[in-house]
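The sequence shown begins at 0 in numbering that gives the first Met the number 0 and counts up by one.
A hint or two may mislead.
Stated by the list, open to error - In silico EDC-like pairs for lysine to aspartate or glutamate, Cα to Cα no more than 16 Å straight-line:
1) Lys315 with Glu290
2) Lys299 with Glu107
3) Lys94 with Glu274
4) Lys299 with Asp257
5) Lys151 with Glu139
6) Lys243 with Asp116
7) Lys176 with Asp155
8) Lys175 with Asp143
9) Lys74 with Asp44
10) Lys181 with Glu162
11) Lys243 with Asp258
12) Lys129 with Glu224
13) Lys175 with Asp155
14) Lys94 with Asp27
15) Lys181 with Asp168
16) Lys299 with Glu274
17) Lys181 with Asp155
18) Lys129 with Asp143
19) Lys126 with Glu224
20) Lys74 with Glu3
21) Lys74 with Glu107
22) Lys28 with Asp185
What the hints assert, rightly or not - Beta-carbon label-pair distances, calculated as ranges:
23) Gly24 with Val153: 35 to 45 Å
24) Arg154 with Asp258: 26 to 36 Å
25) Gly130 with Arg179: 22 to 32 Å
Note that these hints are calculated values from the structure, not bench results. These figures come from a predicted structure and were not determined experimentally. C-beta: ideal position from N, C-alpha, C; glycine also.
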Amino acid sequence: MDRELALELVRVTEAAAIASAQWMGRGDKMNADDAATSAMRAMFDSVAMEGVVVIGEGELDEAPMLYIGEELGNKTGPAVDIAVDPLEGTNIVAKGHNNAMAVIAAAERGALLHAPDMYMEKIAVGKNAKGLIHLDDPIERTIDIVARANNKRVRDLTVIIQERDRHEDLIQRVIKKGARVKLFGDGDVGASIATCLSHTGVDLFVGTGGAPEGVISAAAIKSLEGDMQARLLPQNEAEAERCKSMGLDDPNQLLTMDDLVKSDDAIFAATGVTEGELLNGVKFLGGDLTETDSIVMRAKTKTVRFVKAHHHLAHKPHLVMNEE
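Start from the sequences and build out the full structure, keeping to the hints where you can.
Structure below.
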């Protein structure tokens, strides 16, 4: 894969972000998601690659497009695995909250974990703590390790955790240890990536969330030289069998960064939909002018690009919401 593909993928996330941002605060998460998915799928047709969706909107009978196994691209470029979340944060957009994004991860064929749509236990850190963490360590030990690695006092360390009932004990243990807690509602791709970007002030991501989002996050964290570990959490025998059918003989195995993304030839691209810590949201500047804020990174070169773009929607009518 090359830098041309990386920039092409930004065009895809930009389209999804613009289409879904028009639904911000309208209370309609389904139409917001549909708009992002349709725009992303249409833009993929022009990308020079032979892509196959390994993480997407579901199986063929569950999703009309961007379904697992769907072929993408114009068949003239590299053979790649594609993981997509056209709108990470459907509820965020519907309610007009922060940190919604359109995201894509790509890697050479066979390199991305084929993660089923189920819960996954995850931990992520930035470059300084790479190789020092273990998912099975008590949170108190992990906090000490990450604090030392980041040259911080425990009381200055920030742990980001999704605000869910299942995390209440974890949150209380972090507080008792003396570290700072930053809670978020939806969008754990952005939350986990924040550990690798010093301007966010986030040191450690822990908790249980979606497995597909975990793999997408891993592509970004690998590009940023951070570290991540995970474990799938099948809730019943059917989910355990689903793991095995996707190539995981032991559904409960510890997954390291190289299990999640097996190659350094990986790309992550994202465009902000609503305002966030990682990216600004789509801005409608008046007339037909729209501004997007994106990030794209390659694990192979560790290059990170921030891309700000102006779009004239008069030339992109397919991205404009139909008014009733």
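Right, here's what the structure says about each hint:
Pair hint Lys315 plus Glu290 holds up; C-alpha atoms about 13 Å apart against a cutoff of 16 Å. Of the supplied pair hints, the one linking Lys299 and Glu107 holds, its CA atoms being roughly 11 Å apart against a limit of 16 Å. For the hint linking Lys94 to Glu274, the alpha-carbon distance of about 13 Å falls within 16 Å, and the restraint holds. Taken as a hint, the Lys299 and Asp257 pair is honoured in the structure, with Cα atoms around 13 Å apart against an allowance of 16 Å.
Proposed proximity of Lys151 and Glu139 is supported: the alpha carbons are some 15 Å apart, at most 16 Å. Under the criterion of a C-alpha separation no larger than 16 Å, the hint pairing Lys243 with Asp116 is consistent with the structure, at around 13 Å. With a C-alpha separation of about 12 Å, the suggested pair Lys176 and Asp155 falls inside the 16 Å cut-off, and the hint holds. Pair hint Lys175 plus Asp143 holds up; C-alpha atoms about 13 Å apart against a cutoff of 16 Å.
Proximity of Lys74 to Asp44 is assessed by CA-CA distance (about 9 Å); at most 16 Å being required, the pair is judged to hold. With a C-alpha separation of about 9 Å, the suggested pairing of Lys181 with Glu162 holds against the 16 Å cut-off. A C-alpha spacing of about 15 Å is found between Lys243 and Asp258, which places the hinted pair at or below 16 Å, so the restraint holds. Annotation: proposed proximity of Lys129 to Glu224 holds, straight-line Cα distance about 8 Å (limit 16 Å).
A hinted pair counts as satisfied when its Cα atoms are at most 16 Å apart, and Lys175 with Asp155 qualifies at roughly 14 Å. For the suggested pair Lys94 and Asp27, the alpha carbons sit about 8 Å apart, so the restraint of at most 16 Å is met. Note on Lys181 and Asp168: the hinted pairing holds, with a Cα-Cα distance of about 15 Å set against a maximum of 16 Å. The hinted pair formed by Lys299 and Glu274 fails the criterion: a straight-line CA distance of about 29 Å is larger than 16 Å.
Proximity of Lys181 to Asp155 is assessed by CA-CA distance (about 12 Å); at most 16 Å being required, the pair is judged to hold. Between the alpha carbons of Lys129 and Asp143 the distance comes to roughly 14 Å, so the proposed pair stays at or under 16 Å and holds. At most 16 Å may separate the alpha-carbon atoms for a hinted pair to count; Lys126 and Glu224 meet this at roughly 5 Å. Taking the CA atoms of Lys74 and Glu3, the gap is about 15 Å. The hint holds against a cut of 16 Å.
Among the hinted pairs, Lys74 with Glu107 is consistent with the structure: their alpha-carbon atoms are about 14 Å apart, no more than 16 Å. Only pairs whose Cα atoms come within 16 Å are accepted, and Lys28 paired with Asp185 is accepted, the gap being roughly 13 Å. Between Gly24 and Val153 the beta carbons are some 39 Å apart, a value that agrees with the proposed interval 35 to 45 Å. A hinted range of 26 to 36 Å for the beta carbons of Arg154 and Asp258 is consistent with their spacing of about 34 Å.
Take Gly130 and Arg179: their Cβ atoms lie about 24 Å apart, and the range 22 to 32 Å holds.
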